[in-house]
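Q: Next come the chains, spelled out residue by residue.
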Amino acid sequence: MGMIDYIQFVLAPQVINGLALGTAVVLVALGLTIIFGLLDVINMSHGEFYAVGAFAALSLGVAGVNFWVLIALVPILMIPLGILVERLLIQRVFDGKDRHVSTLLLTLGLSLIIEDLLKAVFGPNTHSIQAPVTGALELFGVIVPNYRLLLIVIGAAIVCMIAFVIYRTRLGAVVRAAAFDRNMTASLGVPVAWVYAGTFALGVSLAGVAGVLLAPLYSVFPTMGRDFILLAFSVVIVGGMGSIWGAVIAGIFLTQVQALASLVISPVWTDPIVFGTMVAFLMFRPQGLFGRLGHA
Amino acid sequence: MHDRQSRVMRTNHVLMMLFVGGALVSSALGIASGDTFYLRLGTEALIFGGLALSVDLLLGYTGVLSLGQALYFGVGAYASALVLLHVPSFSLAMIAAGVASLVSSILGGLIANRVRGVYFTLITMGLAQVVAKIVYNSRELGASDGIIGIPIIKIGLGAASVSTADPAGFFLVVLGIIVALYVFLAYLLETPFGRVLIALKANEKRVPFLGYSVWRARMVAYVLAGVIAGLSGALYPMLRGFVSPELMFFMTSGNGVISTLLGGTGTLVGALYGSVLLVVIKSAVGSWTEHHLVVIGLLFMCSVLFLPRGLLGIVHPWLQQALSRKPPPEDVRRHVPISDARS
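Respectively, the protein sequence lines represent chains X and Y. Using my numbering, read the first sequence as starting at 105 and increasing by one per residue. Using my numbering, read the second sequence as starting at 2 and increasing by one per residue.
Rather than coming from a laboratory, the hints here were simulated on the basis of the structure. Each statement offered as a hint is correct.
Using 30 Å as the maximum straight-line C-alpha spacing, the simulated DSS-like pairs for lysine-lysine come out as follows:
{"hint": "1", "chain 1": "X", "residue 1": "201", "chain 2": "Y", "residue 2": "206"}
{"hint": "2", "chain 1": "Y", "residue 1": "202", "chain 2": "X", "residue 2": "201"}
{"hint": "3", "chain 1": "Y", "residue 1": "283", "chain 2": "X", "residue 2": "223"}
Only chain X is shown next, with the shape it has when bound in the complex (with noise of 0.2 Å):
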């Protein structure tokens, strides 16, 4: 096989393949990126939204509900669970001596919890939701699915469109403002408390949009969340907790590591590499690669 047909046939597609999971990292990654950059608070439960809401676009799927409905559908119904988690749960002990820890125990309670009544109402078994589009196209001679173009081009408008709403509305600069310093932002009249909540509800939304994304490619079962988290914090420690920009690009980097590494050995080997990269950037840059939302 010549060099050509190697890029061609193995390695583009495999690119692409990288691509598409690294989208819905990337909103995995921001979500959590957001909620600690804001509240400083670690979400343990990021990946049971994420099931979240790959088991809501499954159930509203067999009720008949189209796929373009629910991209937009899961994100809006998880609001409100988001809104209810920070305001009943996290806000009791956000004032504690140590939040880190506190949050972090109460968050890892509530993905056990999840994940075992997902468990008891879908079942353990893996179930599968088909995808609007089939096909591929063929884009300069390599072949590309049309759903996994799809998801690049969707996760791509929504990274954009949380990028544009955080950096160049009001409502982004009242959110920073308060990552900042929350008791000022407070003074000049902020609803400090609704913005925490509201900014979780964000960040839960991303990732059940994120579930919906990657439903059709990856099977849903009630542990999908916790296979996937670690490579979401992965992701967030490289690219610096609580920055944006670090979570899109070390979500793409970190996935095409794993895309890339499993062309040459075998898979079950890539979470290894993925974890080491993570490391061996940690040795060098312990801080990530980009300063904290409202910092920088």
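Given chain X, put chain Y in place with the hints provided.
A: What follows is chain Y alone, placed relative to chain X:
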């Protein structure tokens, strides 16, 4: 020196004696009724209590949360299992587990102690997850099935010997080891080095100004916690006759953390009470539903929300007062107001 910490530890020692007394009484009851199941369950609770002890050393004293202690528990269990398959020697298995967990926790510590706070928590979780995955995919280590068929061995105790198949005898051996680990940790925390560890939790930034190396103290605490988890893990294959990658999975680490939280962080003995309670709750819930994770999760959340100091947190102030009602020696009376004013 008698400061607040010593008084807290003295309360813990009383609670530890109660714990050991309770364990001895239940083992006597177990022997009298010819029971096997509950003695085995109790032994398991003690073994996981050792894991929880290591979590508490990190969380309760040095103030860092590790979500990957199961890694060293698993390393100890696998090392012990591999030795026992070839040589039926208790001491060799324990030494192998100790060395394996020492080496792996030094390696893990070099990585995890590069960072602090939440990063530390996430890195320890990741380390355990990755190693568990490697073990899960290694055919040499039995892959997903783990290692089965670990033979029953005789544990020599001077003149007498105890078989691991003897439920009451092995229970007492495990109890002895866990008590020894507790005593060792309690002693260590009373030494100046122990106070440096506690100082790390109070204010890590000030420790270097006192002339101590933060990195070294954190590293020693981490390695120590790893070895304690490893030694506890070494007992597991002797009890159950097998090891599986599940021992390294996230849920095992989570169990250690929740036992500590439930019992009360920063008390050492709380970790043991919590572990027993967790095993009891699990087997009680497990008998009527397979969805025990919901209960564990609720327990987790309730203890964070309503019992931040754990169950012993309820008993502790009361018991501490009862203990200090005895006429204290001269130097205690001189020191108490100062340390109380600070706390």
